[in-house]
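Peer 1: Here the sequence shown stands for residues -20 to -1, 1 to 342, where the numbers follow mature numbering (1 follows the signal peptide of the UniProt record, and there is no 0).
Be aware that one or more of the hints could be misleading.
[Said to hold, decoys possible] No farther apart than 25 Å at their CA atoms in a straight line, the calculated lysine to any residue pairs in the SDA-like style are these: (1) 251 with 261; (2) 105 with 237; (3) 237 with 46; (4) 172 with 111.
[As the list claims (entries may be wrong)] Distance windows between CB atoms, simulated: (5) 84 with 192: 38 to 44 Å; (6) 121 with 240: 31 to 37 Å; (7) 241 with 174: 19 to 25 Å; (8) 266 with 199: 31 to 37 Å; (9) 116 with 230: 38 to 44 Å; (10) 109 with 36: 18 to 24 Å; (11) 172 with 192: 33 to 39 Å; (12) 246 with 112: 45 to 51 Å; (13) 121 with 254: 25 to 31 Å.
To be clear, the hints were calculated from the coordinates, so they are not data collected in a lab.
Note that the Cβ used here is the ideal one computed from N, Cα and C, for glycine as well.
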Amino acid sequence: MAAALGGLGLLHGRFRLAAAAAATSSALGTRTPVRGGAAAFLSAGRSYGSEAKEEEELRVRYLDDEHKGIVVLGLNRSHAKNALNKNLLKMMSKAVDALKSDKKVRTVIFRSEVPGIFCAGADLKERAKMHSSEVGSFVSKARATINEMANLPVPTIAAIDGAALGGGLELALACDIRVAASSAKMGLVETKLAIIPGAGGTQRLPRTIGVSLAKELIFSARIVDGEEAKSIGLISHVVEQNEAGDAAYRRALALAKEFLPQGPVAMRVAKLAIDQGMEVDLVTGLAIEEACYAQSIGMPVTSEKRQKCYDCDMLLPMFCCANWISENSEFTLGPVEAKSIWNCMGQSAGALILGLNAGMRT
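Whenever a hint applies, use it, and build me the whole structure from the sequences.
Peer 2: This is the structure:
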């Protein structure tokens, strides 16, 4: 067992699936892991809540009732059109850091609390007061914060009810899904200021709409509306704006609600498989998918037992699987499933031992 699991460990801040794929395909590229790991996932925290309420530049809301599991992060710098400054980036980073370790969170929606605007990009007034040595540090912080958003383990949705320019669009690009009002304006306009997008825009835009079109939009600093954004694949859904000015948010909320009945572990692992698979060749991507699929091997078949596994207090799939096995000694794995489990490096040796001791037979 030690030989089989040696060198595997945890990766990508969660399951380290790229290492599993590397065992199958030597073509796996190096990935920068997200901070945190399994221990972080098992300790929920919301220490940022009180600060968010005091500052009000970032409103964090945990929804209840039929929307329980959905968290809404609302940008609220009305006087600055939600421009990203040092304080807002600090609050966003703190909020995201807490969300990634909260296993009760199922989906995160990023929206604006300010009518007619999503985010105008970097706060140029604040930047004008910075020493030249501070600018690079600020841009690096913005890039890191937006990357932390992209690496959240749960689905993320950007609800664009107004202008998303420069860093504002880069923020939206870091989300898994983008919904926009038809009247919303979007663009990476940095070349007008004789600079380039510095918070992921040059990388995420071409990955979203294709290299040639991304170059065209960045070179020209062209701004597109919701209809054109949908036609080029920049957003997934376009909606007509309503009187309240929150049509995109309402559509995002409806999408998030569709995710709630699905298996929480499956959602996280599916996102991980897609995100990591898109960064490597197909063969390696298929190996990543195989490792991810093995996460769900052994899950109960009946809906009643499956729900019990969903509600398990353990987050990692194999812990959950082993916990179920310990209560169902008649459970039997076939040779294919057993091999998949042994090949899947994202699990804890302790969980495997627990399952074996509970009577798992192959």
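Peer 1: Work down the list of hints and note, for each, if the structure agrees.
Peer 2: Going through the hints against the structure:
Taking the CA atoms of residue 251 and residue 261, the gap is about 17 Å. The hint holds against a cut of 25 Å. With a C-alpha separation of about 39 Å, the suggested pair residue 105 and residue 237 falls outside the 25 Å cut-off, and the hint is violated. The suggested pairing of residue 237 with residue 46 holds, with an alpha-carbon distance near 8 Å, which does not exceed 25 Å. As the CA atoms of residue 172 and residue 111 are separated by approximately 22 Å, the hinted pair is consistent with the 25 Å bound.
Under the hint 38 to 44 Å, the C-beta atoms of residue 84 and residue 192, about 42 Å apart, fit the expected range. The hinted window of 31 to 37 Å between residue 121 and residue 240 holds, with their beta carbons roughly 33 Å apart. Hint check: residue 241 to residue 174, Cβ distance near 49 Å, so the stated range 19 to 25 Å is violated. The hinted range of 31 to 37 Å is satisfied by residue 266 and residue 199, whose Cβ atoms lie roughly 36 Å apart.
Checking the proposed 38 to 44 Å range against residue 116 and residue 230 shows it holds: the Cβ atoms sit about 39 Å from each other. For residue 109 paired with residue 36, a C-beta distance near 22 Å keeps the hint of 18 to 24 Å intact. Range check, residue 172 to residue 192: Cβ separation about 21 Å, and the 33 to 39 Å hint is violated. Against the hinted window of 45 to 51 Å, the Cβ-Cβ separation of residue 246 and residue 112 comes to about 48 Å, which satisfies the hint.
The hinted range of 25 to 31 Å is satisfied by residue 121 and residue 254, whose Cβ atoms lie roughly 27 Å apart.
Checked against the numbered hints given earlier, the structure breaks hints 2, 7, 11 and satisfies all the rest.
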